[in-house]
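Q: As a plain string of letters, each chain reads:
Number of protein chains: 2
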Amino acid sequence: MFNKEYERYKEFIESHLLDFLPEIDRQSETLYESIKYSLTSGGKRIRPILLLAASEFCGCDINSSLPYAAAVEYIHTYSLIHDDLPCMDDDEMRRGRPTNHMVFGQNISILAGDGLLSAAFEIMIKDMLLYFDDPLKLKCRVRASYEIAKGAGCRGMVAGQVADIESQGRKCAKEYIEYIHLNKTAALIVSCIRAGAYLGCGDKDRLKALTDYGEAIGLGFQISDDLLDIYGDTETMGKCSGQDDARSKCTFPMVYGVEESKHKLKSLTDKATDIMEPFYDEGEFFTAVAKHLALRNK
Amino acid sequence: MFNKEYERYKEFIESHLLDFLPEIDRQSETLYESIKYSLTSGGKRIRPILLLAASEFCGCDINSSLPYAAAVEYIHTYSLIHDDLPCMDDDEMRRGRPTNHMVFGQNISILAGDGLLSAAFEIMIKDMLLYFDDPLKLKCRVRASYEIAKGAGCRGMVAGQVADIESQGRKCAKEYIEYIHLNKTAALIVSCIRAGAYLGCGDKDRLKALTDYGEAIGLGFQISDDLLDIYGDTETMGKCSGQDDARSKCTFPMVYGVEESKHKLKSLTDKATDIMEPFYDEGEFFTAVAKHLALRNK
Chain A
1 MFNKEYERYK
11 EFIESHLLDF
21 LPEIDRQSET
31 LYESIKYSLT
41 SGGKRIRPIL
51 LLAASEFCGC
61 DINSSLPYAA
71 AVEYIHTYSL
81 IHDDLPCMDD
91 DEMRRGRPTN
101 HMVFGQNISI
111 LAGDGLLSAA
121 FEIMIKDMLL
131 YFDDPLKLKC
141 RVRASYEIAK
151 GAGCRGMVAG
161 QVADIESQGR
171 KCAKEYIEYI
181 HLNKTAALIV
191 SCIRAGAYLG
201 CGDKDRLKAL
211 TDYGEAIGLG
221 FQISDDLLDI
231 YGDTETMGKC
241 SGQDDARSKC
251 TFPMVYGVEE
261 SKHKLKSLTD
271 KATDIMEPFY
281 DEGEFFTAVA
291 KHLALRNK
Chain B
1001 MFNKEYERYK
1011 EFIESHLLDF
1021 LPEIDRQSET
1031 LYESIKYSLT
1041 SGGKRIRPIL
1051 LLAASEFCGC
1061 DINSSLPYAA
1071 AVEYIHTYSL
1081 IHDDLPCMDD
1091 DEMRRGRPTN
1101 HMVFGQNISI
1111 LAGDGLLSAA
1121 FEIMIKDMLL
1131 YFDDPLKLKC
1141 RVRASYEIAK
1151 GAGCRGMVAG
1161 QVADIESQGR
1171 KCAKEYIEYI
1181 HLNKTAALIV
1191 SCIRAGAYLG
1201 CGDKDRLKAL
1211 TDYGEAIGLG
1221 FQISDDLLDI
1231 YGDTETMGKC
1241 SGQDDARSKC
1251 TFPMVYGVEE
1261 SKHKLKSLTD
1271 KATDIMEPFY
1281 DEGEFFTAVA
1291 KHLALRNK
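Which chain is which? The protein sequence lines are A and B, in order. Per this note's numbering, the first sequence starts with residue 1, numbered consecutively. Per this note's numbering, the second sequence starts with residue 1001, numbered consecutively.
Bear in mind the hints are in silico, worked out from the structure with no lab data behind them. There's no promise every hint is true.
What the hints assert, rightly or not - Using 35 Å as the maximum straight-line C-alpha spacing, the simulated DSBU-like pairs for lysine-lysine come out as follows:
| id | chain 1 | residue 1 | chain 2 | residue 2 |
| --- | --- | --- | --- | --- |
| 1 | B | Lys-1174 | A | Lys-139 |
| 2 | A | Lys-126 | B | Lys-1174 |
| 3 | A | Lys-139 | B | Lys-1139 |
Put together the whole structure using the sequences plus the hints.
A: And the structure:
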């Protein structure tokens, strides 16, 4: 049941992901190819799926939240492209394929990332133009976009990336690793979920529940990523395991130890499922996502 | 008179430019320092000034268009940071100071650029939240943001940058160099001016005049940049002249010759001033800007 639901969202988003790319001139075919290469290279699509699910949970038709789902996947994709660059994580493979800069060169990769980030906002703002006759829905869209802007930017993902870089080779305090994880990963995930809630003009109770749920799975997601980097199988993951250690990056297991990290992941997953339980059937997809993310092997 | 007016706008934008930076956590001081370094390194501030002037020309108080002026300067600044990177133009100096990556390293520079671009949209969308009780002004703001998103992204500046990179070492057709210039430089300048007009909820005549004016000076601006790269004085410009030639970049003088380029610049400047003439005193600042940009030495 969960898998079917997950695949329904995933197919929906994947079949429309390129529809939202601003029409790029023939003169800039390279830009288009580079962006398309990374947008179509698979992945879990967890961020747009959570956005769609949250918007449905709050009464919004997924067709009308689709532009925002595409926008967050564009933002996630840009962050991966930039993150893979030689001066950043220097990754040559992602999802079993050469990384963007290995195919298109660093300069085009940087611009493809910049283009994706710009496109994400262009998509959301363009969507607002459609709701000029419906002030309530227009406001919901502005709020949703603001959530995403905050989660992606200097108070969210970008701040987390900087902290992550600065952690390399340093002994990390517990407070610091939580700061990194909350910003690098959890911030955008929480934003996706809150944006979905706003798109559905959800009531305060649902927004609160989804926010708390998002924070729990967002942090859990990064902890399970750190654990996978130790125990994951390179082939299954489509990228090399053991990379964090090689880069002397500050990770959860490094600061808390493996057992404590597993324990923390479990308690965050339990917390997430507890939060969504009062919504019975309606919350089922979210509890299943939480369990799935904790147990994933890639 | 022109200089006094220009300085008034310039001081206004410069004294408020950092006010709009999303409050960055103490943990990400490096991000803040890197962003601040580039935002406060001077420059002509021509884009935000044109936005403020256009908004005033269309009846909007500059205090209420300030967030958008800041946003476009953030976008321009991010583009310079990324453009200076070793894998792009590989510039070590800008405006008489070491470029961002020379001070903070490439990884932080890329993220500072990403942070600035995200912040630009965060600023504009945050501003929309203030106009929930004024649907007309809210719509004007959505339209202004959309103009800026288009000018900055895959149908504007980013497309131009990609074309610029691809032009290196190639023999350029006239059509191609115009495509590069229109996108790399003119697109964002036109967007700034149109955004200003929207912020003032300007009438169609004024929007049309400003758009045509913007296209003329935007293209002229890049031609004068190309000419400066040949004849400019390294010290006055704060960056090395002769760079385009060293990189075998495709420039206007290379395709059209120097004399023809000067002629083209003059006719674009004349066109810009002709467009604004029917507005008498109100259009004076714009005609003066056009002349100033054509005659500048940095």
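Q: Run every hint past the structure and note whether it holds.
A: A quick look at each hint next to the structure:
no., hint, in the structure
1, Lys-1174(B) x Lys-139(A), "45 Å, violated"
2, Lys-126(A) x Lys-1174(B), "32 Å, holds"
3, Lys-139(A) x Lys-1139(B), "11 Å, holds"
Checked against the numbered hints above, the structure violates only hint 1.
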